[in-house]
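Q: Next come the chains, spelled out residue by residue.
Number of protein chains: 4
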Amino acid sequence: SGNFFLIAGPCVVESRENVFEVAEKVIAITEKLKIPYIFKSSFKKANRTKGGSFMGIGDEKALEILAEVKAKFGVPVVTDIHESQDAAFAARYVDILQIPAFLCRQTDLLVAAANTGKVVNVKKGQFLSGEAMKFAVDKIVDAGNKKVMLTDRGNSFGYTDLVVDYRNIPAMKETGVPVIMDCTHSLQQPNQASGVSGGKPELIETIAKAAIAVGADGLFIETHPNPSIAKSDGANMLKLDYLEDLMVKLVRLRQAL
Amino acid sequence: SGNFFLIAGPCVVESRENVFEVAEKVIAITEKLKIPYIFKSSFKKANRTKGGSFMGIGDEKALEILAEVKAKFGVPVVTDIHESQDAAFAARYVDILQIPAFLCRQTDLLVAAANTGKVVNVKKGQFLSGEAMKFAVDKIVDAGNKKVMLTDRGNSFGYTDLVVDYRNIPAMKETGVPVIMDCTHSLQQPNQASGVSGGKPELIETIAKAAIAVGADGLFIETHPNPSIAKSDGANMLKLDYLEDLMVKLVRLRQAL
Amino acid sequence: SGNFFLIAGPCVVESRENVFEVAEKVIAITEKLKIPYIFKSSFKKANRTKGGSFMGIGDEKALEILAEVKAKFGVPVVTDIHESQDAAFAARYVDILQIPAFLCRQTDLLVAAANTGKVVNVKKGQFLSGEAMKFAVDKIVDAGNKKVMLTDRGNSFGYTDLVVDYRNIPAMKETGVPVIMDCTHSLQQPNQASGVSGGKPELIETIAKAAIAVGADGLFIETHPNPSIAKSDGANMLKLDYLEDLMVKLVRLRQAL
Amino acid sequence: SGNFFLIAGPCVVESRENVFEVAEKVIAITEKLKIPYIFKSSFKKANRTKGGSFMGIGDEKALEILAEVKAKFGVPVVTDIHESQDAAFAARYVDILQIPAFLCRQTDLLVAAANTGKVVNVKKGQFLSGEAMKFAVDKIVDAGNKKVMLTDRGNSFGYTDLVVDYRNIPAMKETGVPVIMDCTHSLQQPNQASGVSGGKPELIETIAKAAIAVGADGLFIETHPNPSIAKSDGANMLKLDYLEDLMVKLVRLRQAL
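Residue numbers (the numbering used here), protein chains in the order written: chain A, 52 to 308; chain B, 52 to 308; chain C, 52 to 308; chain D, 52 to 308.
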């Protein structure tokens, strides 16, 4: 459609109700605006700051709900994996395997994901340059899988802040794969004394507009009907009610490029 | 006009010929595109990395050329000052006094600039948050001058790189003054072993598009007919021939906001 | 002995000859200077920047060589693991399991390491504060294993540099576990265009002295008879011939605390 | 004496009583420990974050108090200047002119300081590498003054934190001039919402010990009998009562090098 695509959903699978509510609402918006849509949710949060934080409702149970989204709504589904043994397992349920930013250099994990034949979406490490992501792409392509995407989620900027370097969008596009801006995790405030990351969701529009302007192919936005009660990343998710208005502005911007 | 405004010109006054050539060409472009234009050039480079680098053709001689630009072409002119004693002196020739980023916390300098009654454009220090720039605005307003502008030129990111944090545009707009993105100095590569800053001019378009998308009121772009022979900042200025094409894209983007 | 302890060895198990040569020489030095010594080498390099870089001689073969070091020389041995399935496997051969910095937030990996009952040495992520490492310690202790150590290897500082923040040594000591400075990886220069990290081994002494002065309990130093032909991290390892002289200086410094 | 030297005093001249109290107590300590001592205080705070913050008791009045310290106690005195016109003026009262970190690239200021014939102590900008400080040294030496010192006060690390990079000590020593660690400003926490910098004085010992260990020639420590009521930088100054104990530890460390 000449439009950008959207990867969106709640940070983690909390319940079938929550997942279906989000999917349904986002699909209504993206169909109206002709935005290709991919549903995202984690089946497991494997790298919470603190032990004791919510890690999921059970791996299989969560993945089955994701497969239901795919079956019922006909949209592709993405979830993230953390160890190579997860790759084939998660691939039975979803279309796209996502590699978390901290893990983007783990060769075994990238190769295991590549070997499933699924699309692999690699998040850029908070410590890596956009240029260096070509080595991640190469590891997957060399394993025989050309279906790669790259996602920026900001760089470490002191201990308690992240900064998005928009030079990384054109740098990553040099690899020839679709490049996505993660508009919610980029606004995390890590290393809080509480062990719970903070956030600045009021800046999601700023992060997203700049990304579209510089040529991002897709956007990644975690969204929840009520972020204040969400079980993970509540501090930076977009309230679902705000999504349509944001998308309208971004589609208009995209058309001006 | 609903458009953004442009501050542009060669980094330093090299010669009347160079200044007039740039002014004439930029005016032709900005008139066609209805972009309000302010001519910029430094009369003196007071903080070169290395002693021995070109510092100017003589303060008065350079300022007189700037006054000629103003008289002949009818465009406002901006130049930067470095010590409080320069404020009244430079104010005799130009419309806007610019405070360099390294000096944005020097109270005497801000107050001296404020006292001239001219517009004061303060560049955000590479070490300051957008929020902290409200204190610079306050210092000028408290001295009785409400004509303030703020300009972002990136943040220190390791020793040899800068990163633009686009969250600073809305943060600085909170002060109520016009906010400008400096698209060329943001791409400097400081602390080079040679004592001459490097640059990445091929990314000017990226920096500028993101700035317009997130609501910058103006852009600051140093430009030269032939940056490779320029006497200062040759590594990051925009080749003058590329300016029109860039402005066309940016005007279109601005209209989509 | 009131002394600091030393974790040292070649980055990766290249061959039995290489491993034995390093172990023998380091043991001679540390016995003379009464420095408790732990032999370190990776059995597998799982997160090289580039695919195609040397990853090891074979997992079991490498681990068996490590077990031989332990048996023959009577020194404890440490190696790093990357996925939870490696934990029990590696624990059959070594005394200490090391968690790489990129992986220090992976709960499953920390818990799997904890469950082996071995000592777990967690490297501080380049993106984490010293204070936040208490959550890593907690994850291991909560799994029932109190034998934890923490190691600093620097923080991201722009894309191509790391900086060691010595405030992290006392911050991590607050957790009550031994704190180690990794003097060689702290000097890596990541994100090089070549896909091979650079380094600054001439600064190892600077990094080590500051660490001892601020109270580090141990030092981690990768060393090789001839770093220029090493199969991994050649750019930052210490030439083995320089080790004794360095240790003499550091022991003297330690005694003055 | 083979010892390091100490630059210390209250951040700003608050009153004769305060200045004399600090001078007297520091002199007693440094004479006992054979630490060469230079008294430091600012006659004017020219770059406070906020307008309205205390800037001083009057330039001449403050400088006269500094001259009295010199006359009465026989110790050299240092103060900082901010514009070139201050150089000759301040030089009439003090022995050493200090260039603030934000201003270390201002050529006119460095040259004006050099021209007084006094020692010039240049603080490293929070945005500069240690290597790049050689250009500051060159500017002063080229103006005919070889009496230069360099002081590190940390690097920008995100907006609200600084990090000391100890690699800069040997890098600056390459220029052949004495190198000093500023142990109190290095612990500032800039860009606070309040417009008043925060601090972490409990870490002064950590910063100082690491500096001595890596070869710093001198230490710079702001100290006050009661930092909580100080008129500037109260958040990071050392309580005067803690100075002797700290110096004893550092002298012992220095002797072990």
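Keep in mind that a hint or two might mislead.
[What the hints assert, rightly or not] List of simulated lysine-lysine pairs, DSSO-like, C-alpha gap at most 30 Å:
#1 K96(A) <-> K123(A)
#2 K290(D) <-> K197(B)
#3 K224(D) <-> K251(C)
#4 K251(C) <-> K197(A)
#5 K101(C) <-> K282(A)
#6 K251(C) <-> K96(A)
#7 K85(C) <-> K300(C)
#8 K198(D) <-> K101(B)
#9 K101(D) <-> K290(D)
#10 K83(B) <-> K121(B)
#11 K101(A) <-> K300(C)
#12 K282(A) <-> K197(A)
#13 K300(D) <-> K224(C)
#14 K224(C) <-> K251(D)
#15 K300(C) <-> K96(D)
#16 K300(B) <-> K224(B)
#17 K96(A) <-> K169(C)
#18 K76(A) <-> K282(A)
#19 K300(A) <-> K300(B)
#20 K290(D) <-> K197(D)
#21 K300(C) <-> K101(D)
#22 K251(B) <-> K101(C)
#23 K121(B) <-> K290(A)
[As the list claims (entries may be wrong)] Partial chain B-side listing against chain D, Cβ under 8 Å, derived:
#24 H133
#25 F153
#26 T167
#27 S180
#28 D189
[Unchecked claim] Covered stretches of chain A, going by a simulated chain C footprint (3 or more residues, C-beta under 8 Å):
#29 151-159
#30 189-197
Keep in mind the hints are simulated off the structure, nothing from the lab. Since this is a predicted model, take the numbers as computed values, not measurements. Glycine residues also receive a C-beta, built at the ideal position from the N, C-alpha and C atoms.
Q: If you check each hint against the structure, which ones fail?
A: 2, 4, 5, 6, 11, 12, 15, 20, 21, 23, 26
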